[in-house]
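Trainee: Here's the letter readout for the chains.
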Amino acid sequence: MPEEDMPDLRYERVRKVFHTRNVEVVALNDVSFVIFEGELFCLLGPSGCGKTTLLRCTAGLERLDGGRIYYGDTDFTAIPPFRRGIGMVFQNYALYPHMTVYDNVAYPLRIRKLPRGEIDRRVREIMELVGLPGVLRRNPSELSGGQQQRVALARALVYRPRLLLLDEPLANLDAKLKVYMRTEIRRIQKQAKVTTLYVTHDQQEAMAIADRLGVMEGGVVRQIGTPSEIYDDPANEFVAGFIGEMNFFPARIISWEGDKLVVAVGAAQKRKALRAGIKAFGDEVTVALRPEHLRIFPSTSGEGVFKGKVRVVQFLGKFVRYQVAISGDAGLVEVDMPAAVPGLQEGDEAVLDFDPRDMLVFYAGERVA
Amino acid sequence: MMGGITPSARRLLHKDYTVYLVLGLGVLFVVVFLAYPLLRTVLIAFVPNGRELSFSNMSLVNFEKFLTSNLYRRSLINSFYISFAVVGLTMLIGVPMGYLVARVEIPGKHVLLSLSVVPLIMPAFLGAFAWIILLGRNGALRYVFERVGIDLPPIYGPFGVILAMTLMYYPFVFLLSEGAFETANPTLEESAAVMGARLPRILRTISLPLIIPSIAAGGILIFIRAISNFGVPAIVGGSTYVLPTLIYFQVNGFWNLHAAAAISLVSVLITGGALWLQRYIVSRREYETISASRSKLHIHRHPVAKALAIVFCWGVVLVSLFPQFTLIVMSFFKTWNGLWPRGFTLSHYLAIPKFLSGPIKNTLILATSSSLGAAMIGTLIAYVVQRRRPPGSAVLDYAVMLPFILPGIVVAVALLSSFSSGYLILRGTYWIMIISFVIRRTPYVFRSVSAGLTQLDPALEEASILSGATWFQTFRKVTLPLIFPTLASGTILTFATLLTELSTSILLYSAKTRTLSIAIYDSVNDGDYGLASALAVVLFFTVFAVTYAINRYTGKSMAASFRIG
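Here the protein sequences come in this chain order: A and B.
Numbers 3 to 371, taken from the numbering used here, label the letters of the first sequence in order.
Numbers -3 to 561, taken from the numbering used here, label the letters of the second sequence in order.
Calculated from the structure, these hints are not laboratory results.
For clarity, every value in this text was computed on a predicted model and none was experimentally measured.
C-beta atoms are modelled at their ideal positions from N, C-alpha and C, and glycine is treated no differently.
Do not rely on the hints blindly, as some may be mistaken.
Over the 12 Å line for every Cβ pair with chain A, so calculated as not near, a few chain B residues [unchecked claim]: (1) 23; (2) 45; (3) 137; (4) 145; (5) 357; (6) 473; (7) 541.
Which residues of chain A face chain B? A few of them, derived with a C-beta cut under 7 Å, are [stated by the list, open to error]: (8) 63; (9) 82; (10) 98; (11) 110; (12) 113.
Input sequences plus hints: build the corresponding full structure.
Mentor: So this is what it looks like as structure tokens:
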């Protein structure tokens, strides 16, 4: 087994219930998965999905109501947080306002009673790594948001923790800095070779930064995979809709042809290979297609799967987006074409088509083909 | 894969129990020196004096006195009558004054605001004492009134008590309503004016109703202070007893702790009920009168309005400063009978060194150690209640805040009834005084530290814990430095109030632990007004200096730190 595939952090049926005024909220419902050594793992989900709770349980800041968390061979569950050896970056950075940058970063080392010279060497080394060597004598309040972010990272990494936790670290930065810092965080993480759990609600951020990611909803991990797996091969309708843009169409099953499924969608019948292990399901299914997987033509150039009227044409740089109202459907279908389609303007009649291999079929929310 | 627990893993499992130890100590203190004495007080209230504390001896004899004894009945009635009169008069003075200062152009407004808090810094019994000098049988003011044909009631009795308390407590109402009128949303009044309402109507239908909830809440706090006050009725009450002086009478005159306990219980039920009412009103306060708009309040500039406002506001402030002025003058003279004081002397001040080794030293030792004790216990309990929320923390919260509604003399009765005999005899020691001060002042520190902690992001402490610090290291290096400003100002303010403490120490002091307040109280009772005044001036200026320093340190104005509500 290659080293980066060694399980480092293992969640086994982790359960957490919050009680607020006689109402029980299940924040984590038997969550089980594994994070590998040296990996940058993103937990992604809408707010309230339980991702921050899982992070805080990992840190030991919340007690589990069931299940266990293992770090390597060690059962983390009963170890108090100050002995877990975890580095954490908080959403608002949590820099100590009464200490200089140097003292902030040196704090964990002083707690560990390292010799002065060693502390000094390590603080300078880590500040070099996070790319902020010149501000040691300043107060945190004198730094910009991005700089505070780097100090927080330095403080979390300076004692070489076995695990780094990041809680929405970019939430307080402006859009441009966000994009820059996520590259920086990944560079620093890889250089420090620290297994990292990164929580965010921003799917672009997660896709850009993660080695693998877990999509959470309602206290459950709905899918785990690399960014491309999650994007190209969503396991259920929630993930399909949550990650990237997706058009959903109602469809009906016509027949089975061996391991192939024939569905009636729009005015056409399309075939797609069934997923293994799918036994039986009803007639009504949902077909999902990414905007870039749909093609649009003027209605004069032939028949398609859907007919509709172009409502909006947006030139978005690398592609052109068409928003099309198709008959019998209230919502607008989004179609991305690499270049403008000649002779197709707002108000024109158009037809849509797609390659059945790009089609995703869901039954009762779960992927079947 | 899982393996057994290795030795290093076992070491990892060692939890940090310091926080439980600290919590345990705090709880122990509260249980031994607050819960137990109070419980004992409640129990002995139901047992006749001289009987063993046992279930078979329980009866309502001590409470029946409120029906049978004239003294008890009158004390209860006096307490209510005086407190209601004080609330009513402070409202009558404070609310109009608040409106005038907020809405009329008055020269020297800031000076006026600063001077108005001076009576609050003055210990209550010193104010009462000064009024005796001015309005006693041969008082200068009485002389003036008699000359113009006004016959004032005697200073000893309800008149003196109500006068001293009113002029001492009115700043609370004044500052509260001044703030409310100043921050009220001007558009509400403007819209009424646009609809055709004249000033009296606007006042009656808009301005006043808007601030009534906060004024009412402030009024109840004054009621609680007035009915719990010992110093004023003890000095000028004469034969007019109120509940606190009746308690004192029972303990000091007859050593009847059982009767004192019963009176205390009645007194606490009254203040507790009043506080409940106050909380209820505050929680129902539904008007958002703070304005976010840029619109300016209408400031009256009419000459007649200005003249009226100047005479009224400056008049009240100057009259309320009579006591300070009187004490300073009196401290330099042998006698003050009739209009002018006679016989200039420095002998009163020259006598002060005699007090250095006794009362002054005691006062400093007791105030210092007690404020440090209150700071420590208040901080630790606030931390545990705010951050750890262990089971039962709500009970702890209430227990710590309980002395807030306990009149000082009741705390003294509770401690005397528990530590005068038995395993732990503390009567007459420094310890019983320190404990009583700590118990009484912990709520103040607890409240200010709790407020400081809610402002402090828990992530700061979590970051420290995760980077390997134990609870104690985190508390010492992160939490404490960050809440220190709040803690320091709370502690020093506590120190200032303890310098003048009278109502608890009056029952707990012994020859060895006599304080400066007690010495002044005794000098007044001995008729040695000059010496009492000199000591009072020293005490007052010390307290003033400390309060002023702490306000400079926190950057607040004197007036701001005394706003309540």
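Trainee: Would you list, in rising numerical order, the hints stated earlier that this structure does not obey?
Mentor: As far as the earlier hints go, only 6 is violated by this structure.
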